[in-house]
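Taking the hints as your guide, dock the two standalone chains into a single complex.
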Amino acid sequence: MNRRRFKDLIVQRIMFILCCFVISILFFIVMGLFYKASPILAIHSLRDLLFSSTWHPSKGNFGLGLFIVSTLWVTAIAIVIAIPLSLLTAIYLTEYAPKRMREVLKPLIDLLAGISPVIYGVWGIIAIVPLISDYVMPFFSERLTFFPFLSDNYTGYSALAGGIVLSVMVFPIIISVIHEVLETVPFEIREASLALGATKWETTRRVVLKKARPGIVAAFILGLTRAFGETMAVLMVAGCSLHGFPKSVFDTAYPLPALIANTYGEMMSIPLYDSAVLLAAFILLLMTTLFNMVAWGILLHIERKER
Amino acid sequence: MIKRRKLVELFFVSLMKVATFIVVGSLFYIIITIFIKGLPAINLAMLIQTPKGGYYLGKEGGILNAILGSLLLGISSSLLALMISLPIVFYLNIYLKKASRFALIIRFSFDVLFGIPSIVYGAFGFTLMMFMGIQASLLAAIITVALLILPIMTRSMDEILKTVPFELKEISYALGATKLETSLKVILRQTFPGILTAFLISFGRGISDAASVLFTAGFTDLLPYSLFKPVATLPLAIFFQLATPFPEVQQRGYAAALVLTIIILIVSIGSRISLKKFTRQVLK
Chain B
1 MNRRRFKDLI VQRIMFILCC FVISILFFIV MGLFYKASPI LAIHSLRDLL FSSTWHPSKG
61 NFGLGLFIVS TLWVTAIAIV IAIPLSLLTA IYLTEYAPKR MREVLKPLID LLAGISPVIY
121 GVWGIIAIVP LISDYVMPFF SERLTFFPFL SDNYTGYSAL AGGIVLSVMV FPIIISVIHE
181 VLETVPFEIR EASLALGATK WETTRRVVLK KARPGIVAAF ILGLTRAFGE TMAVLMVAGC
241 SLHGFPKSVF DTAYPLPALI ANTYGEMMSI PLYDSAVLLA AFILLLMTTL FNMVAWGILL
301 HIERKER
Chain Y
308 MIKRRKLVEL FFVSLMKVAT FIVVGSLFYI IITIFIKGLP AINLAMLIQT PKGGYYLGKE
368 GGILNAILGS LLLGISSSLL ALMISLPIVF YLNIYLKKAS RFALIIRFSF DVLFGIPSIV
428 YGAFGFTLMM FMGIQASLLA AIITVALLIL PIMTRSMDEI LKTVPFELKE ISYALGATKL
488 ETSLKVILRQ TFPGILTAFL ISFGRGISDA ASVLFTAGFT DLLPYSLFKP VATLPLAIFF
548 QLATPFPEVQ QRGYAAALVL TIIILIVSIG SRISLKKFTR QVLK
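If you read the protein sequences in the order shown, they are chains B and Y. For the record, in the first sequence the residue sitting at position 228 is 228 according to our numbering, with numbers rising by one throughout. Counting from 1 along the second sequence, just add 307 to a position and that's the residue number in our numbering.
Hint data in this document are derived by calculation from the structure and do not stem from the laboratory. Worth double-checking, as some hints may not be accurate.
One side of the interface only, derived from the structure: several residues of chain Y facing chain B at Cβ under 8 angstroms [stated by the list, open to error]:
| # | residue |
| --- | --- |
| 1 | Ser321 |
| 2 | Met323 |
| 3 | Thr327 |
| 4 | Ile413 |
| 5 | Asp418 |
| 6 | Phe431 |
| 7 | Leu435 |
| 8 | Arg496 |
| 9 | Ser515 |
| 10 | Ala517 |
Listed next, the in silico DSS-like pairs over lysine-lysine satisfying Cα-Cα at most 27 angstroms (straight line) [stated by the list, open to error]:
| # | chain 1 | residue 1 | chain 2 | residue 2 |
| --- | --- | --- | --- | --- |
| 11 | B | Lys7 | B | Lys106 |
| 12 | Y | Lys469 | B | Lys106 |
| 13 | Y | Lys404 | Y | Lys492 |
| 14 | B | Lys106 | Y | Lys324 |
| 15 | Y | Lys404 | B | Lys7 |
| 16 | B | Lys211 | B | Lys200 |
| 17 | Y | Lys313 | Y | Lys476 |
| 18 | Y | Lys359 | Y | Lys536 |
| 19 | Y | Lys486 | Y | Lys584 |
| 20 | B | Lys200 | Y | Lys324 |
| 21 | Y | Lys324 | B | Lys210 |
| 22 | Y | Lys469 | B | Lys99 |
| 23 | Y | Lys476 | Y | Lys583 |
| 24 | B | Lys7 | Y | Lys486 |
| 25 | B | Lys7 | Y | Lys476 |
| 26 | Y | Lys310 | B | Lys210 |
| 27 | Y | Lys536 | B | Lys106 |
| 28 | B | Lys200 | Y | Lys536 |
| 29 | Y | Lys469 | Y | Lys405 |
| 30 | Y | Lys486 | Y | Lys405 |
| 31 | Y | Lys469 | Y | Lys404 |
| 32 | B | Lys211 | Y | Lys324 |
| 33 | B | Lys106 | B | Lys211 |
| 34 | B | Lys99 | Y | Lys583 |
| 35 | Y | Lys469 | B | Lys7 |
| 36 | B | Lys305 | Y | Lys404 |
| 37 | Y | Lys492 | Y | Lys583 |
| 38 | B | Lys200 | B | Lys59 |
| 39 | B | Lys200 | Y | Lys313 |
| 40 | Y | Lys313 | B | Lys211 |
Cβ coordinates follow ideal geometry from the N, Cα and C atoms, glycine included.
Next comes chain Y alone, as it looks inside the complex (with noise of 0.2 angstroms):
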């Protein structure tokens, strides 16, 4: 009876590790995938040149759009987000009581924002783009982009500052400070490093995203120049250069997708050193 159920938890264990190794085997197989098809297909050329002769036919040149519309749509995106999610993670943290109904009702909204897919925001941002009358722009991708990372952003730094103790603000308020003070000068240095996680996190998603700006960020060979002209993003380029049944654009896509894997591993580990400087200095 003993030997039956020692064979049960056994064969239950194995099915885990099976089921583990599934799973984070799966991540290393995209990654290695992504690497092998990539990586004969990069070169300088690729890297500082823009397309010739049209995205879906051109032969030659690289994907400096692609990459610099990327960078600069997730940055400004990143940094609109911040403006809006850090003044509201301190409002709920340090301004509301703990128990407030407010603040439920605030973070109910982000949970059931964070479920909207991504689609759906690029949908609204195409209504959006229409009502204010712009096109598919840098602008409009920003604003789209930025919706959608809103609450990604304001979950993770929800987090973070939950993590501060309560007699760290009670020691600032007893030395007459303000809670605006408190907020800026104690907690925010406190927290810097987790802030900065969040903000990596969000950027990471912001750059992958495909679905949001397909409508409102449109494609373009160009380099971007202006906030009212369509941009190019490196998800977009890999979806619309495999498309093709040129080998040569292909490439371009493959070097496109390696690019942006980079990119994430990047951020990703950034991220987590960013969190364990964070997790160091907490007080407990």
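For reference, chain B alone in the conformation it holds in the complex (with noise of 0.2 angstroms):
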């Protein structure tokens, strides 16, 4: 054996071992926040600490139930705002754009992607909370006073803010997702439809999204997993305070990524706080990995088929 081949060996040897310690890093970070979250575990029932919503550090009360609950109001928010834009535009980049547009408009969707999350959060402080406060809110109270979703919190940092903040975070990475699955659907398909007579739009919605609806489903869920985690910018505009349940899209909302964020200077002093803030943590993880294993496993899916 000579020396070069002796170099290609190890620098295999070694790529492996980078190989397998990257697979070890999601089973570090699992462990991590487990053993970590662990004690409190060991003293709270976890149905205590995922449906109470108090939350007392000092008292020894850990109930994460108003920040799951906030977690959810807020993404389901920027869900519901998200995806009808986002479904449209990747039709609209995809299937009408000539090509020279196509070509400006997706950098500039994909540097959405890559401002600062606290960027996003001071364009919500200065131009998101505001609108809501002065326009959207007396809109609703005064024209509209049948509206079930009043609120007496006035400020503008709510949930609604929170969501529409998240909803622009989240366009980018359901817009290219949704891009790349239309892609791969064949172009003789359409070729066809529009041979029976079927105009672009009839054939867009009857065949094309009709073969790349799991792709579709996929690029949301994706979308929504980014929702769930996003800390800094929504901390910045959703309010977070302990006020209780938001009931409206106009109140507080304090998430579990928020709560985590915003812990992070007491954490150490009150006995157990730092473990149910890593459970907090640990929550997210699973609620994430799960929904992303779920997205990607469709994606896969799709692409071998495609082979």
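Below you can see the structure in the form of structure tokens.
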């Protein structure tokens, strides 16, 4: 065996070890967080922790209910806004936009993904929060008094503000995944449909979208999980008070990631506090990983079928 | 009948245009907002001074500590991530067979890691820090951010290396080169602009993330001088300084937001140019 072969072999071993290291990172993250969260699980039952909404760390109450409901509430608002807009944009990009235009739009949408979450937060504070407190809220409370989602929170820092900012943050991921999925739909079946006399929209809706449905669902799930875990922007605009469950889109919300981020200073001073916060991180990890695995599973399946 | 179908078509196409306008418009809305707020706040003193009198209260000084801290943190963590991900993507694309089960497992692990929120990386970095017995410091932040951007970097490099044609490798093998020589002397040179793109994208992500460094980097008014001391970062400077009630301190936050946005814009444009260079020389 000569030296060149030997070098090759050594490098191959190192690469293999690095790969194993990466696979083990996942394992270490799960185990590390679980290990740190276990003290609180030993004292309180999981049911109490998940469904109780009393959060008084100094009194030993660590109910995560409020935070879980807030996470779901803000994510739901974000996804309701993001789904139609990103789906329509992705269809426009793939099916309708001229090539030149697509080449301009695609990088711009990708740029949206690169902007810092904190910048989104600043934008939310400057642009979205005043919009809600000065225009949207008064509009609903004066003109539409029958509207069932009224709230006494007039600051504008609300679940709605969080949802709007989050929806913009998840646009790029949903759009780019749908765009990729639509591009895998073979050109021939579009032509077959057009040849039968269908208009372009009918072809898109009845043929292309139907074929791409699993992939589109996967894109929505990926957007959803991104919204789940987004921290700083939501922390800056959603209000984050321990006011109680959000009943309206105008109420404050206090999602799990914001809780984790907010407690970093005081975490070590109260017993079990850090354990409760890391339990929150562990729950977040499980939720996002579960959803992501489903989404990637779907996309992998599509990729395989295509081959 | 035909007319109605045409109308439906027209209706949905207009809807799509409106949606696209909202999506792209929100990007410009964000950038313009940051520029309008940031431009009046920024001046030379802001860029070359450190804050005086504490970052919550001090009304004098600038944000040099955060600018330098962020650049240092972004560059070191990207280099660390590169050292891990470069060998891995070469292993995936050159050494392993295309249908290899191990390659599938690695790619799937990266997909899962990719989806983990940055705050969870932050919390994990925090437990790692306690485990290793170190304080919030530049070192802890570098490790955490490197973990966060590792999957981003690996995925984009993997996409790049996938485009290398099989023939190119075969020619190199036929000339008697080992796989290592092929990787370093042929493939790496061929894909260098693409790899640079992946590096820049990850650098941008690393420099702009706040949730992962909240626990691990700490914050300081001093310039970064030691691996084992806390370091200031732009995102956290924005976050802390906007939360204060003092307009002068908030101005620093807006200036920091503008600087961060400009860095991100430069990095994205750089990565675009690099990608263009790569796609032009891709062999087909």
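Consistency of the hints with the structure:
This hint is violated: Ser321(Y) has a C-beta 10 angstroms from the nearest C-beta of chain B, more than the 8 angstroms allowed. A hinted interface residue such as Met323(Y) counts as satisfied when its beta carbon comes closer than 8 angstroms to some beta carbon of chain B; here the least separation is about 4 angstroms, so the hint holds. Hint on Thr327(Y) holds. Least Cβ distance to chain B is approximately 5 angstroms, under the 8 angstroms limit. Taken as an interface hint, Ile413(Y) checks out: its beta carbon lies about 5 angstroms from the nearest beta carbon of chain B, inside 8 angstroms.
Here the hint on Asp418(Y) is kept, as its CB sits about 4 angstroms from the closest CB of chain B, short of 8 angstroms. Contact between Phe431(Y) and chain B, as hinted, is supported at the beta carbon level, the nearest pair being about 5 angstroms apart and thus within 8 angstroms. Hint on Leu435(Y) holds. Least Cβ distance to chain B is approximately 7 angstroms, under the 8 angstroms limit. Hint on Arg496(Y) is violated. Least Cβ distance to chain B is approximately 17 angstroms, over the 8 angstroms limit.
Satisfaction of the interface hint for Ser515(Y) is found here, the shortest Cβ-Cβ separation to chain B being roughly 3 angstroms, below the 8 angstroms cut-off. Because the beta carbon of Ala517(Y) sits about 5 angstroms from the nearest beta carbon in chain B, less than 8 angstroms, this interface hint is met. A threshold of 27 angstroms between alpha carbons decides the hint, and for Lys7(B) with Lys106(B) the separation of about 43 angstroms lies outside it, so the pair is violated. Between the alpha carbons of Lys469(Y) and Lys106(B) the distance comes to roughly 21 angstroms, so the proposed pair stays at or under 27 angstroms and holds.
Of the pairs offered as hints, the one joining Lys404(Y) and Lys492(Y) holds, with about 20 angstroms between alpha carbons and a cut-off of 27 angstroms not exceeded. Between Lys106(B) and Lys324(Y) the alpha-carbon distance is near 14 angstroms, which keeps this suggested pair within the 27 angstroms criterion. Distance restraint check for Lys404(Y) and Lys7(B): the Cα-Cα separation of roughly 20 angstroms lies within the 27 angstroms cut-off, and the hinted pair is therefore satisfied. For the given pair, Lys211(B) sits about 15 angstroms from Lys200(B) by alpha-carbon distance, which is consistent with the 27 angstroms threshold.
Of the pairs offered as hints, the one joining Lys313(Y) and Lys476(Y) is violated, with about 52 angstroms between alpha carbons and a cut-off of 27 angstroms exceeded. For a cut-off of 27 angstroms, the pair hint linking Lys359(Y) to Lys536(Y) stands: about 19 angstroms separates their Cα positions. With a CA separation close to 25 angstroms, the supplied pair Lys486(Y) and Lys584(Y) stays within the 27 angstroms bound. Restraint check for Lys200(B) and Lys324(Y): the C-alpha separation of about 15 angstroms stays at or below 27 angstroms, so the hint holds.
Distance hint between Lys324(Y) and Lys210(B) is fulfilled; the C-alpha atoms sit about 22 angstroms from each other, no more than 27 angstroms. The suggested pairing of Lys469(Y) with Lys99(B) holds, with an alpha-carbon distance near 24 angstroms, which does not exceed 27 angstroms. At roughly 23 angstroms between alpha-carbon atoms, Lys476(Y) and Lys583(Y) fall within 27 angstroms of each other, so this suggested pair holds. This hinted pair checks out: Lys7(B) and Lys486(Y) have alpha carbons roughly 10 angstroms apart, not beyond 27 angstroms.
With a CA separation close to 18 angstroms, the supplied pair Lys7(B) and Lys476(Y) stays within the 27 angstroms bound. Taken as a hint, the Lys310(Y) and Lys210(B) pair is honoured in the structure, with Cα atoms around 25 angstroms apart against an allowance of 27 angstroms. Straight-line distance between C-alpha atoms of Lys536(Y) and Lys106(B) comes to about 41 angstroms, which puts the hinted pair past the 27 angstroms bound. At roughly 61 angstroms between alpha-carbon atoms, Lys200(B) and Lys536(Y) are farther apart than 27 angstroms, so this suggested pair is violated.
About 10 angstroms separates the Cα atoms of Lys469(Y) and Lys405(Y), which keeps this hinted pair within 27 angstroms; it holds. For the hint linking Lys486(Y) to Lys405(Y), the alpha-carbon distance of about 15 angstroms falls within 27 angstroms, and the restraint holds. For a cut-off of 27 angstroms, the pair hint linking Lys469(Y) to Lys404(Y) stands: about 12 angstroms separates their Cα positions. Restraint check for Lys211(B) and Lys324(Y): the C-alpha separation of about 23 angstroms stays at or below 27 angstroms, so the hint holds.
Restraint check for Lys106(B) and Lys211(B): satisfied, since their Cα atoms lie roughly 23 angstroms apart, inside the 27 angstroms limit. Among the hinted pairs, Lys99(B) with Lys583(Y) is consistent with the structure: their alpha-carbon atoms are about 16 angstroms apart, no more than 27 angstroms. Proposed proximity of Lys469(Y) and Lys7(B) is supported: the alpha carbons are some 24 angstroms apart, at most 27 angstroms. About 19 angstroms separates the Cα atoms of Lys305(B) and Lys404(Y), which keeps this hinted pair within 27 angstroms; it holds.
In summary, the hint linking Lys492(Y) to Lys583(Y) is supported, as the alpha carbons are separated by about 22 angstroms, within the 27 angstroms threshold. Taking the CA atoms of Lys200(B) and Lys59(B), the gap is about 63 angstroms. The hint is violated against a cut of 27 angstroms. The hinted pair formed by Lys200(B) and Lys313(Y) meets the criterion: a straight-line CA distance of about 9 angstroms does not exceed 27 angstroms. At most 27 angstroms may separate the alpha-carbon atoms for a hinted pair to count; Lys313(Y) and Lys211(B) meet this at roughly 23 angstroms.
Violation of the numbered hints given earlier is confined to hints 1, 8, 11, 17, 27, 28 and 38; the remaining hints are satisfied by the structure.
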